[in-house]
Amino acid sequence: MAMLSFPNIAYLIPLLPLLGFLVNGLLRNHLSHRAIALIGSGVMALAFGISLLVFYNIPAGAPTILTAFDFIRIGELQIPFAFQLDALSSLFLLIITGIGFLIHVYSSAYMHEESASHYGRYFAYLNLFVFSMLLLVMGANYVILFIGWEGVGLCSYLLIGYWFRNTAYSQAANKAFVMNRIGDLAFLIAIFWLIARTGSVSFTDLPMAIGTAGQSAKLSSLDITGITLLLFIGATGKSAQIPLYTWLPDAMAGPTPVSALIHAATMVTAGIYMIARSNLLYTAAPLVLTIIAIIGVATALLAATIALRQNDIKKVLAYSTVSQLGFMFLALGSGAYVAAVFHVMTHAFFKALLFLGSGSVIHAMSGEQDIRKMGGLKKSLPITYWTFLIGCVAIAGIFPFSGFFSKDAILLSAFLKSPIFYVIALFTALLTAFYMFRLFFLTFGGSFRGTEEQRHHLHESPAAMTIPLVVLAILSIVGGWVGIPEVWIHGGDRLVAFLSPVIPVSSGHEISHATEYILMGLSTGLVLLSILFAWNKYKQYRAEESESPFARLLENKWYVDELYQAAIVQPLHKLGGWIRSVFEPKVADGAIQGIGRSVRYLSQQFRLIQNGQTGNYALWMVIGIVVILSVQFFLRK
Amino acid sequence: MNVTPYIFWFLSVLALFSALMMVTSRNPVYSVLWLIGTFFAISGHYILLNAQFLAVVNIIVYAGAIMVLFLFVIMLMNLNRETEPQKNRWLKFIGALAGGCLLLVLVAALKDAELKSQQAMVGGGSIGLIKVLGKELFTRYVVPFEISSLLFLSAMIGAAVIGKKETSQTLNS
Amino acid sequence: MPINYYLFLSLALFSIGMVGVLTRRNAIIIFMCIELMLNAVNLLLVAFSKMHHLKNLATSATAGADGQLFVFFIMVVAAAEVSVGLAIIVMMYRNIHSVDIQFLNRLKH
Amino acid sequence: MIALLLVLIPLIGGGLTLFLPRPALARPVALNVALISLIAVLLGLCQFTQAANWSYDAEWIQPIGARFSLKGDVLAKWMSLLSSIGAVLSILGSWNTDRKLPARFYGLLLWMQAGMSIVFLASDAFLFYFGWELALIPAYFLSSIWGGEKRIAVTIKFFIYTFVGSVLMLIGLIYLQQLTPDGSFQWQAFRNLELTESKQIWLFWLFFLAFAIKVPLFPFHTWQPDAYEQAPTPITLLLSGVMVKMGVVAMIRWLLPILGIGAFIWSDVVICLAVVGILYASLIAIRQDDLKRLIAYSSIAHMGLTVAALFSLTGFSNNSNVVLHYHHIGFQGVMLQLFSHGVNIMGMWLLADRIESRFGTRKLSELGGLARTAPTFTIFFVIIALANIALPLTNAFPGEFLQFNAIFHAQSSYRIVFLVFSGLGVILSAIYTLNMIRRIFFGETNSATENGLRLTTAETLALSLVVMVVLVFGIYPQAALNFTNDFSWEYVKSIDITRFLAK
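Residue numbers (this note's numbering), protein chains in the order written: chain A, 13 to 649; chain B, 5 to 177; chain C, 131 to 239; chain D, 1495 to 1997.
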C-alpha cells in the first residue's frame, strides 16, 4: 500500500476532485440530487482529510517532490508533471480543500432547486475548479502552476456563466476569462524568460538561479526585475489588482457559493500564492516590490472607496475582496510574504463566511440582492445574523478576531516599508470597517423594506447552509491565533516558523515594542470609531442618501469600466470592424481582385486592337515590319 | 551632252509627284488620273532602261486596261469628292508616320549596301526586246506562262460569279 | 545610272503606296495604292535585270531576262487580281452602298 | 512499401469510387479506403518502422530527371497520420449528409488525399510539385461542384491564387534542377547545391510565395476565408486540417534546409508578416458573424504563429549546443502544433458543419441557447474550441508554449516585439472564441435552436476521436515529443547556416 501512504497519497488530493468532476459531469443525467451532492462533497471531504494528513507529515526542510510523468522533456529542458509538497503548498491545500468542502456542502442546499442535470453540471464545475486550484498550488514548477492558473480561469468562466441563459452573465464570464488571459500572457513571457536564462522552471531550481554562495547567479538583476514584473502582471489579472480588477465584481454573476469559492479559497489567492512561492526572486527585485506595494495599496484604496457606495450585497463584498487583495499585495510588496499568506488564510475564512452569509440572505429574500430593499433581517435569520456579524468584525480587524492579527501584520510591514503606505492602508482599513458595517446595518438592522411577498417568504436557511456558516464563523474567530505577534507572546507567530522552509525569515529592521503597540492601538481605536460612525449613520436607513457628485462617481466605480470600454474595447471593436468591412475586402482582397480586374481591363483594351478594321491591321503590320527591319539591320550589329 | 540623267530625273520627279497626288487627292477620279500619270512615268523609265516590251505592256495593261476598269467602277458608283470617306487626322498622321518610318528604315538599311557601285545599263542591251523575252518566255517559262492562263480563267470566272451571286441575292431579298 | 537611284525611287514609290493604304478609307483608292506598290517593285526588278545584264554581258547574252519576265508575270497576276478585287468591291458597294473599309469590320466578331 | 501504399491506396481507391456503379456504395467504400490507409499508417508507425518500408524509388520521367521517390521521415509519417485521420473524419463527419453524385465526390476526395500523401512523402521535387497540384485540382472540382452559392467565383479565385504560387515554385524548382550537376530533382541534390547568398535571396521568394499562399500567410490569405466558407465542409475540413499544413511542411522540407540563408535573411520580414497576420485575423474574427469565416480566420492566426515560430529557428548557431537546444525546443513545438492544430481545426469544422446542416445558418446572430437544448454537442464544442485557443491540458497548449518559446529565442533584434504581439493573439483568440461560444450556446433559444440538435453515432465517433487526441496530447504531450525528438534534433542541425559561414 505504498500508494496510500505519505507522500504518494498526495496524488489523490487533486485526483479526487477530478474524479468527482468526471462522475458528476458524465453521469449527471442519471444521478439524483442526493447522489450528486454526496459525490461532489464527498470527494472534497476525502481530499481535505488527505490534505490534513499531508499537512501533518510535511517534513521540515527540503520539499517533497512527486513526479508523475514527463510533461515536456526536450533535451535539457525538463518540465515534469510534478507536485511539490512543502509548508506553503500544504497550507494552501488545507485552505482550498477545507473551505472548498464547506462551500460544496453549502451549495448542495443552495442550488437544490436546479434540475438534476444542471445540479450535476454545477458540482462538476465546482470540482473541476478545486482540481485546477489544487494543481496550481501543488505544481512543482511554473508550467504546472500555469496549467492550474489557466484552469482556474476556465472554471471561473464556466461558473460565472453558469446561468448561461442570461446574456449579461455570460458576458461577465467572458470578461473574467479575457482579463485573466491578459495577465496569463505576461506570466507566459516570464516563463519563457526564465527558461531562456536558467533552462528550468522548477521552484527547487530558483535558489540556484539567483545564485548561492558557491555559484554565480544565472539571472542578472535585469532578468530578475523583468521576470518578477511580468509574473506580477500575471498576478494582477488573477488576483484582481489595478489595472485588471474589473472582472472580479462582474464575476458576481455566478451563483453565490461560486463567488465564495472564487473570492475566498481559490482563484484570487493564486496571485498571492505565486508571488509568495517566488519570494526568492522578488526579494532580489526591490524595485518590483515597491511597484507591487504601490499597486496593492492603490487597489485597496480604490476598491474600498467604490465599496462605500455599492448597493448590491455581493458587489460590496466583491469590492471588499479587491481591497483586501490589495492589502495582501501591499504585504508582499513590503516583503512580508508570511503576512500576505496569513491574510489569505484569515481572509479565506471571513470572506467565505460573508459570501455564504450573503447567499443565505439572498436565498431568504428570493433572489433580491439590493441592500436598500432589505433591513431588519435579524429576527428571521438569527444564525445568519450572528455569523455575518462575526465576519464583519473579523474583516474590520477587531481583537481577537482573525482579521486583527493578519491586518496588523500587514500594517506593520507597511509601516516598515514606508509610513505613507501605512497611512493609506490605515485609512483603507477604516473605510473597510465603515462599508462593511454599512452593509451589515442596512441588511440586518432597521426595519424590513422589501415587498410583502418577500416578508412572508423570509426563513432561516437549512442546516446544510447554516452549519458551514457556523464552522466558518468559528474559524474567523480563532483563525488568527496562529499568528500572534511576537511582542505579545514569544514564539506566538507560529505561521512564520511553519513557513520558514519556504519563506526565509527576514532579519529586517526591528522596531520598538512601544511603536508596535501604538500602531495596534491606533488602528483598533480608529476602526471602532469608524464602526460607530457607520452605526450612527445607518442604524435607521433613510431612503435617499445625499447624491453628491462624488457619491455618484463612487457609485459608478470611478467610471473605470466605462474608461476601459472607451479606451480599449471600443477601439479594438472598431478596428476589427474596420478591418473586416473595409480593409480586408478593399485592400487585402482588393489588391488581389485588383490584379484580376486589371488583367480583365487590359484584355478588354487589347481586344480593341483586334477591332476588325483591316486598315488598322495594315498599320500594325507596317509597324511590325519597321520594328523587325530595325532590329534586323540596326540592333543586331 | 548626255540627256539621260535629265530624263531620268524628270521621270523620277514626275512619278513621285504623281504618286503623291494620287494618294492625296480627295476625288477618286483625280486619283485614278494621277496614277495613270505615274504609270506613264514608270513606262518612261522602262524605255530609258531599254525594256521596250514592258514599257508597252505597262501602258496597255496598266494604264490602259486596268486603270480604265478602275475609272469605270468609280464612275459607276458615282464616287466623288463629297462621298469620299476620310480617316480622322490622327490616324492619317500615324499612317503617314508609319509609312515614313518604313521608308526611312529601308533607305537607312540599304544605303550602305555593297551594290552601291553597281550600274544599271541604260539605253543599251537587248534583253528588253520582245524577241529575246519571247524566246525565254516560250522556252524556259512556258509552264508558268500556261499556268498563268489558268489564273486568268479562274479570275474571270471568279469575277463573274461574285458579280452574279450578288444579283441573285439581291433579287431574293 | 547607278542602281541606287532606282532603288531609292522604288522605295519612295512603295512607301507612298503604303502611306496611301494606311491613310485612305476608300477601298478603290487602297487598291490603286497596292497597284502603285506593285509597280514600284516592277521598276526595281527591271532596273536589277539591267544591272545583271551589264554585269554578265560577257558570259550570257540573256542575263537578266528573268527579271523582266517576273515583271511580266506580276502584271499578269495584277490584272487577274484587279478583276477579282474590283468585282468584290462592286459587290460590297451593292450590299452596303459604300466602299468605305471602315465598314469591313466583320473580322472583329 | 508503406510509403507507396499510402499513395496508391487513396489513388486506386479514389479511382474505384469514381466509377462505382451504385452511388449508395460510394460512402462505405470511401470510408473503407480511408480506414485502410489509416491502418497502413498505423502499421507503418508501429510495426514496419524500418526505413526500407518507408521509402520507394523508381524511374519516372527520365528525360527531365524526375524520379518517383518517396521517403518517409518522421515529418512525413507524422503528417501522413494526420492526413489519414483527416480523411476518416471528413467521411465520417459527412456520413449523414446526402449529396448529389456521391461517387464523384468521394472519389475526388480520396484523390485529394493521395495528392497530399505525395506532398508529404516525396523526396523528389518534381514529384512533390506533382502531388501539390494533384491535391489542388480535386479540391477545385469538389468546391466548385458541391460548394455554396458563390462557389464558382470563389473557387476560381482559390485555384488561380494557389496556382500562381505553384507556378512560381515550379520556376524555382526548374532553376535549381538546372544547377544540379546531374540534372536531378532529388532533395539531396538540391540540398548539396549550397547556393550563394545573392541567389538565395531571390530564390527564396519563388518558393516562399507558393508556400505562404498555401498556409496562408497574411497578406496572401484572402482566398482562404472565402474558400472555406463556400467549400462543402468535409472539403474545408481537409483543406484547413491537412492541406494548409502542406505549406508549412513544404517550408520545413524544401525551404529552410535548401535556402537557409535566404530564409534567415528574410526571417524578420516573414515573422513580421506572420505576427501581423495573427493580430489581423484575430481582429477580424472578433467582428465576424459567420461561423465558418470565424473559424477560417482563427486558422489564419494559428498558422501564422506556427510560421513565425518556424522562421524563428533560422539562423546560425556557430555550433553552439545551447542555441541548437532552443531551436530544438521550438521545432518540437512546430511539429506538435502542426498535428494538434490539424486535429482541432478538423473538429471545429465537424461541429460547424453540424450546426449549418441542422439549422441552415452559419450566422452567430441567428443562433443561441444551444447549451440548453443540445448539451452533449455543447460539451464537444466547448472542449474543441478551448483546445483551439490552447488552454492547458489540451493538445494545443504544449505546442503553442514551445512555439512562443521559439519566437523568444529568434535570432532577431525584434524578437521581444514579435513575442509580445503574437502573444496578444492569445488574448484575442480567447475573445473571439468565447464570443462565438456565447453566441451559439448561451442566451435564450430562438425558434430555430429550440429543437436542439442530436448527434448521430458516426458524428459522435468522429468527435470523440478528436476529443481523445485533444486530451491525450494535452495531458501527455511527451508521447508526441518523443516521437519527433530525434528528427527535430537532426533537423535543427541541418537548417543551421553555420556551414555556409565556414566557407
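Read the hints as simulated data drawn from the structure, not as lab findings.
Predicted, not measured: the structure shown is a model, and the values here were computed from it.
There may be inaccurate statements among the hints.
[As the list claims (entries may be wrong)] Partner residues aside, some chain A positions facing chain B, computed with beta carbon under 8 Å:
#	residue
1	631
2	634
3	641
4	645
5	647
[Unchecked claim] Restraint ranges, calculated between C-beta atoms of paired labels, are given here:
#	chain 1	residue 1	chain 2	residue 2	range
6	D	1533	A	180	42 to 52 Å
7	A	180	D	1984	22 to 32 Å
8	D	1946	A	578	32 to 42 Å
9	A	618	D	1812	50 to 60 Å
10	D	1812	A	640	31 to 41 Å
Cβ atoms here follow ideal geometry from the backbone N, Cα and C, with glycine treated the same way.
These are the hints, each one checked on the structure:
| no. | hint | result |
| --- | --- | --- |
| 1 | 631 | holds, 6 Å |
| 2 | 634 | holds, 5 Å |
| 3 | 641 | holds, 5 Å |
| 4 | 645 | holds, 4 Å |
| 5 | 647 | violated, 12 Å |
| 6 | 1533/D / 180/A: 42 to 52 Å | holds, 51 Å |
| 7 | 180/A / 1984/D: 22 to 32 Å | violated, 55 Å |
| 8 | 1946/D / 578/A: 32 to 42 Å | holds, 39 Å |
| 9 | 618/A / 1812/D: 50 to 60 Å | holds, 56 Å |
| 10 | 1812/D / 640/A: 31 to 41 Å | violated, 59 Å |
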